[in-house]
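Chains as they are written, first to last, in my numbering: chain A, 1 to 164; chain B, 165 to 653.
Simulated from the structure, these hints should not be mistaken for lab results.
Please note that the accuracy of each hint is not assured.
[Said to hold, decoys possible] The calculated DSSO-like cross-link candidates involving lysine-lysine, where the alpha carbons are at most 30 Å apart (straight line), are: (1) B/K236 / B/K260; (2) B/K246 / B/K236; (3) B/K370 / B/K304; (4) B/K179 / B/K207; (5) A/K127 / B/K207; (6) B/K623 / B/K638; (7) B/K345 / B/K370; (8) B/K590 / A/K127; (9) B/K390 / A/K92; (10) B/K638 / A/K92; (11) B/K623 / B/K590; (12) B/K242 / B/K298; (13) A/K92 / B/K623; (14) B/K258 / B/K298; (15) B/K207 / B/K242.
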Amino acid sequence: MVNGKLEQNKQQKPVSLLSKALITGFIGGVFWSFIGAIASYFNFTSVSPASFILRFWLHTGWSDGWLGQLVSIVIIGVLSTILALVYYVLLKNTQGIWPSALFGVALWFVVFYLLQPIFPNVEHMTKLTSDTIVTTFCLYLLYGIFIGYSISYEYQSNLISENV
Amino acid sequence: MKKKKIKQPISTKIKENQEFMKTKLGVGTSFDVGFRELTILNKGVQLYYLTGLCDTAIIVQLLRNIVSLNDKEKTSYKVAEKIEGELIHQQVTKVKTMDEGVDQLLSGLIVIFIEGEEEALVVDVRSYPGRSPKEPDTEKVVRGSRDGYTENIIENTALTRRRVRDERLRHEIIQVGERSKTDICISYLQDVADPGLLDVIKNELKNIEIDGISMADKTVEEYLVKQGISPFPLVRYTERPDVASSHLFEGHILVMVDTSPSMIIMPTTYFHHVQHAEEYRESPTVGTFIRWVRFIGIFASIFLLPMWLLMVMQPELLPEKLQFIGPNEVGNIPIVFQLLAADIGIEFLRMAAIHTPTPLSTAMGLIAAVLIGQIAIDVGLFSAEVILYVAISAIGSFATPSYELSIANKISRVILIIVTSLFGLKGMVIGFTLYVLLLVLTRSMNTPYLWPFIPFNGKAMVQILFRVSVPLTKSRPSIVHPRNNNRQP
Numbered sequence: 001m002v003n004g005k006l007e008q009n010k011q012q013k014p015v016s017l018l019s020k021a022l023i024t025g026f027i028g029g030v031f032w033s034f035i036g037a038i039a040s041y042f043n044f045t046s047v048s049p050a051s052f053i054l055r056f057w058l059h060t061g062w063s064d065g066w067l068g069q070l071v072s073i074v075i076i077g078v079l080s081t082i083l084a085l086v087y088y089v090l091l092k093n094t095q096g097i098w099p100s101a102l103f104g105v106a107l108w109f110v111v112f113y114l115l116q117p118i119f120p121n122v123e124h125m126t127k128l129t130s131d132t133i134v135t136t137f138c139l140y141l142l143y144g145i146f147i148g149y150s151i152s153y154e155y156q157s158n159l160i161s162e163n164v
Numbered sequence: 165m166k167k168k169k170i171k172q173p174i175s176t177k178i179k180e181n182q183e184f185m186k187t188k189l190g191v192g193t194s195f196d197v198g199f200r201e202l203t204i205l206n207k208g209v210q211l212y213y214l215t216g217l218c219d220t221a222i223i224v225q226l227l228r229n230i231v232s233l234n235d236k237e238k239t240s241y242k243v244a245e246k247i248e249g250e251l252i253h254q255q256v257t258k259v260k261t262m263d264e265g266v267d268q269l270l271s272g273l274i275v276i277f278i279e280g281e282e283e284a285l286v287v288d289v290r291s292y293p294g295r296s297p298k299e300p301d302t303e304k305v306v307r308g309s310r311d312g313y314t315e316n317i318i319e320n321t322a323l324t325r326r327r328v329r330d331e332r333l334r335h336e337i338i339q340v341g342e343r344s345k346t347d348i349c350i351s352y353l354q355d356v357a358d359p360g361l362l363d364v365i366k367n368e369l370k371n372i373e374i375d376g377i378s379m380a381d382k383t384v385e386e387y388l389v390k391q392g393i394s395p396f397p398l399v400r401y402t403e404r405p406d407v408a409s410s411h412l413f414e415g416h417i418l419v420m421v422d423t424s425p426s427m428i429i430m431p432t433t434y435f436h437h438v439q440h441a442e443e444y445r446e447s448p449t450v451g452t453f454i455r456w457v458r459f460i461g462i463f464a465s466i467f468l469l470p471m472w473l474l475m476v477m478q479p480e481l482l483p484e485k486l487q488f489i490g491p492n493e494v495g496n497i498p499i500v501f502q503l504l505a506a507d508i509g510i511e512f513l514r515m516a517a518i519h520t521p522t523p524l525s526t527a528m529g530l531i532a533a534v535l536i537g538q539i540a541i542d543v544g545l546f547s548a549e550v551i552l553y554v555a556i557s558a559i560g561s562f563a564t565p566s567y568e569l570s571i572a573n574k575i576s577r578v579i580l581i582i583v584t585s586l587f588g589l590k591g592m593v594i595g596f597t598l599y600v601l602l603l604v605l606t607r608s609m610n611t612p613y614l615w616p617f618i619p620f621n622g623k624a625m626v627q628i629l630f631r632v633s634v635p636l637t638k639s640r641p642s643i644v645h646p647r648n649n650n651r652q653p
């Protein structure tokens, strides 16, 4: 029993780091875009998850309702796995929460500045209300921390447990 | 480092020992230290005891046995061994120095000096004043065991051992406090608990240099974790042996401090504070339901008031279907002051209820809740909606299983209300972000506080969101870094 090499004392075959990262990405996308949808319901921001996913090419009635938000949230979840993959490949070595916070901030700039021309329904960064900017900025920051910190923490603790 | 005291050895001359006890311990001055001198087989024998902490019946029996030696034996050959043989008790030890003897004596053991001997006999006849195990007021369950930890560390280890009859359960005891010499017990499963964390805890405990820790567990906690100005509780307390043992099985480490019925559970995260034994006494579905209702309560206790305040300040934010929200009459005082005043009023009530005798506090609760609220509305001080929302968020606080967390959340709520009133929507959003950031940055014994939410851990998050049935819980939570991950061998 005391012998650590016995099979029952072995750790269960762990879910691979990569799939953990992808799950984190999906959950993070769904959760924070859900918060975003609530924020837009309460008019905290003029943009909602649906504005980025559906509204710029779909102008049907449902896409502006809750169904549109729901579909967008799921799609953002899927897109978010790609972001998680990017973070996993490039930045998993980082430590602490600040690199991931910067990642979130950078993502905000990419979406609202670089990709903005794709979305005719989203106004240019300078024309958005300050409320919208603050709210989306905070959401992206928290999203970045959620994705990035989770991935790097998981990676670091895996390193530690392998070294032991 | 602690100064090493030169320890005085026990003298073979019994008068010297008596002199030491007189000067160092104040025998004769302190009335609670007593002594009795006997002559056994022509040798002087002195027995020291502490009144109040010893069981007199046992001492009398032991004395009777020793004195009977005078009738049974003729020679004074090997008196010490004969006396030891007559001490019919399972816990008899020998000490070589006066200081050890004094330490033991002050714990309630009796010390017997025998003329011509360099060792004193110590018998554990302790009987501490204390209550019997009783259900803790703060962690009641509808069904389940009704015993709770007491102020007696020996009883507490026994209550744990009753539930964990594992030969690998370790109860390590150390003494802390130069003057108080309080016993602290570290309990853990030897083959499960994280040895790194164990070393850290032991080291921190050994390095405590203080006169005494009369506030027991709380003082120890402050030495163990770096609290800073953060109001959030960094360790979980429990007074329930079943909760403590289930944490032991998970791989947590328990720190028991004598004179306190609250056990410290480590490592701890935010989500340890939102669980309750009651959930595990119900079917998984019901447990999950209770837990979700509790989550809603906790969430409301933090965010309901700032959110409502924001909607009052900026009604244009309200979606069309919720336009009815907002006070019909604004009243004579700004809403934010009404909220803060009502919140502080409830805090008055809570504090007053803690140190008011129960029969009076029921009456006080009625006066406060019904009369003050209604009259405040009637005289135009408060608007009715303020009372409603403050009451909901106060009930949310009470639904928080951890008392410490509920107060920390209350402080967060007040700060959120203030920043919302100052900066409106931006204040609220940034305040929310900072609240999350603060929790993410908090670490308790090197454990991320908001785990398993941030950093995210799917398996553990499922355990938080749903009360998963025990047979399906196959592995230990990874946050405790268990040496043995398997819960079902």
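Going down the list of hints, with the structure as the test:
1. B/K236 / B/K260: 29 Å, holds
2. B/K246 / B/K236: At roughly 11 Å apart (the allowed maximum being 30 Å), B/K236 and B/K246 satisfy the hint.
3. B/K370 / B/K304: 34 Å, violated
4. B/K179 / B/K207: 12 Å, holds
5. A/K127 / B/K207: Distance of about 101 Å is beyond 30 Å: violated.
6. B/K623 / B/K638: 11 Å, holds
7. B/K345 / B/K370: Holds, at roughly 12 Å.
8. B/K590 / A/K127: 17 Å, holds
9. B/K390 / A/K92: Given pair B/K390, A/K92 holds - Cα atoms ~28 Å apart, limit 30 Å.
10. B/K638 / A/K92: 29 Å, holds
11. B/K623 / B/K590: 35 Å, violated
12. B/K242 / B/K298: 48 Å, violated
13. A/K92 / B/K623: 20 Å, holds
14. B/K258 / B/K298: Violated, at roughly 36 Å.
15. B/K207 / B/K242: 11 Å, holds
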